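Make a model of the complete structure from these sequences and hints.
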Amino acid sequence: MRQPRTPRGSRRGAPQVRLRLGFVVIAMVLSVFGARLVQLQGVDPNSYAAMAAAEGLVEVDLPAERGDILDRNGEPLADSVDGLMVVANPEMTAERAPELARFLYRELDVDYAATLNRLREEGSLFEYIARRVPSTLATEVVEAAEQAGFEGLDTRRDPLRDYPAGDVAANLVGFLGTDEPLAGLERTFDARLSGTDGSARYEVGAGKRIPLGENTVTKPVDGQDLQTTIDLDLQWYAQRVLRQTVESSGGSSGFAVVMDSRTGELLAVADHPTFDANLPTEAPKEDLGSRTMQDVYEPGSVEKVLTLSSLLDLGVLSPRTQIVVPPSLQREDSPIGDWFDHGTIRLTLAGVLAKSSNIGTVLAADRFEAGQLHDYLTRFGLGRTTDIGVRGETEGLLPPANAWTHQMQDRIAFGQSLSVNGVQMTAAVNTIANDGVRVSPSLIRGSATTDDGAMVGTDATTEHRVISARAAHQTMLMMERVVDERVGVAPGAAVPGYRVAGKTGTAQRVGAECGCYDGTFTVSFAGFAPADDPRFTVYVVVQDPTNGGGGGSIAGPAFAKIMSYALKRYAVPPTGTQPSRLPVEW
Amino acid sequence: MSSPVPQFRSRVPRIAEVAVERARLTVVPRRRVRAARMPFVALVSMVLLGGVVGLLLFNTSMQQASFAATALDGQATRLAAREQLLEMELDRLRNPQRIAAAAQRLGMVQACTPAFLTLGTGEITGQPCAADPAGRFPIWPAQPQKPAVLDPAPNVVEVAATPVISGDTDHGAAGNAARGGRKNQQPQQPQQPQNQR
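Going down the list, the protein sequences come from chains Y and P. The first sequence begins at 1 in our numbering and counts up one residue at a time. The second sequence begins at 1001 in our numbering and counts up one residue at a time.
Simulated from the structure, these hints should not be mistaken for laboratory data. Please note that a few of the clues may not be correct.
Footprint (simulated), chain Y over chain P, 3 or more residues, beta carbon under 8 Å [said to hold, decoys possible]:
{"hint": "1", "segment": "1078-1090"}
{"hint": "2", "segment": "1094-1103"}
{"hint": "3", "segment": "1125-1133"}
{"hint": "4", "segment": "1137-1143"}
Partial selection, computed: residues in chain P whose CB lies under 7 Å from chain Y [as the list claims (entries may be wrong)]:
{"hint": "5", "residue": "1113"}
{"hint": "6", "residue": "1114"}
{"hint": "7", "residue": "1116"}
In silico negatives: residues of chain P with every beta carbon more than 12 Å from chain Y [unchecked claim]:
{"hint": "8", "residue": "1018"}
{"hint": "9", "residue": "1019"}
{"hint": "10", "residue": "1046"}
{"hint": "11", "residue": "1062"}
{"hint": "12", "residue": "1108"}
{"hint": "13", "residue": "1111"}
Here the structure is a predicted model, which is why all the values come from computation and not from measurement. C-beta: ideal position from N, C-alpha, C; glycine also.
Here you go:
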């Protein structure tokens, strides 16, 4: 305290006394503050903090919107809709439960009896009435209920995931459970799709935000969309053709793959049986995955394409090489036979493929040196995963080179004793279509990171040459003979007006129980068109048909339908050149 | 006050002595000037009042803006939800299965292999063919086979034709139509083509 310059009398007393008095007063006030501080912060700080928070401070989650899963044209396979759950407080609803249940049955299409029970549940304060209702609808219904005089209904946030096309591509896309993704792309790319939730804290008065009150907002980061290479319409068509094929042949399951020959993009990966992604719980558990990627099977005769093209690449044989095919061929301890009975016939190499002769293929494969076929098959992509971003993909079963016996090589040459998955085999056959260059298949447009950290997508596509362009061309010419009306085994696979190259497969299946060939079959057809300028490679497989048909009669027509639709949809004109006339016999 | 040249003083004649005498500094008695209090008090009050009223108005307008913001926020959320719902309905309407079902109801069939007509030259590539109504494409799953107990062979009884009493038949037919009418309105119901099984 400064003394004033001019003393004006002594009314204020002696400075010393005043100073002391002042100090005492200040000390007393400060100690009161101190005591209060200890009381607030030391004794029970949390209760006061909670009281302060309760006093109008609101904290809300700002949910991030989940990214959509799109097809190649941007049509949604899965999209997110703001949803609400409708909940009831039975203490308030019990009184007029029957009327309210009737009202909810009409408006929300819920089960009347179950709703009635929930509305009257004794001793409960919270019952779910309907889950995942679009928020507009839920709000309207609850408001309408209030206007009609019903009490005790409320809504809570409950995000809704909608799969507009139902079962189309459901085996790939997967589905969400109550809280988390459970299968398919939804689960594999969850980190990308889900985004990060935000939150907001603000003070409210009378239901409105107080402008100068506390206000912190952490904005949510919405999930990114995931664009696939699937073509929704083609996928739908492939699924319907496949279902018809499997049902009419009495098969147990099947799949169909459509691949863009040049880019390796998968336009359709159809599975049957499938499920409705909106109602995954109504389907058997084994139908929820992708059989194309997760089941192994022996490819059978389709594999002959790989064997013979490798031989052509080695230059040891040509399509016109003449082979004498005996009725049966004794190899080590077991005979090898053909699917059709014949005497000693004289086939060219093209004829071996067109007639799908096991014996002819084994005789041709004798020209391999040890390890060569294994190397070729590895380069065709067999025995390792395709890494397209589908969970639980099997890598198939290609016996290691050092375990190969001569007998095993004979069987592998015509498609036994090795197992593959559907996309693997499609990519291998597509190598022939793509002038001998294997292009890695992809399901995701651009690039995305799976939940185990792998980068997948069209940006990660790799290409490597497996066989020479000349060998690929020769193989294509031989494959064209397969669909020839007069000499081939699968005239049903022809698309009139177009050149089609393909190969049938009818393989014995290994039963799960006995671990041996159990007398059932896997029938298949793989091919591409237009043969001299391929745009699409299509592979159709049906497991365990019971109508006695083979690859040519069951899978061939399905191949032709899907191929015809793809050519039509992408407006691919016929090339107008003459199909191959390679001799099949001599 | 001290002159730098005091020796001149004696020689210089004293001029303007009176004036000098008058100009000499003296202590003036202190004079208190009282400024008028009213304007100052009025000014301060005005400033305070103005401040308080201004603050109040400012606060009120902010509150109003906040109310408007909350209301608009709610509206934006509602409209966004509505848009999503309409988007969802649109996607469901675009579902290829629904379109195929609608097309089949109109009697449309899947086209056969594609063919191309070059305009100008009139040249046709590919093999054009007529759409075949017999080849209706089954878009619904086949219905499961009923066990023999539930699907007995029809029991055919041949009776001689007798005249029909018209009144009775009319009544029966009308009753059937009324009962069956509701089922047909549900578009999701799988409608099996005749050649399915």
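Quick rundown of the hints versus the structure:
1. 1078-1090: holds (count 8)
2. 1094-1103: holds (count 5)
3. 1125-1133: holds (count 4)
4. 1137-1143: holds (count 5)
5. 1113: Holds. Min distance 5 Å.
6. 1114: Result: holds, 4 Å to nearest chain Y Cβ.
7. 1116: Nearest chain Y Cβ about 5 Å off; hint holds.
8. 1018: Holds, because the least Cβ-Cβ distance between residue 1018 of chain P and chain Y comes to about 38 Å, which exceeds 12 Å.
9. 1019: holds (36 Å)
10. 1046: Its Cβ never comes within 12 Å of chain Y, the nearest being 25 Å, so this holds.
11. 1062: violated (4 Å)
12. 1108: Non-interface label on residue 1108 of chain P holds, nearest chain Y Cβ at 14 Å vs cutoff 12 Å.
13. 1111: Check fails; 7 Å does not lie beyond 12 Å.
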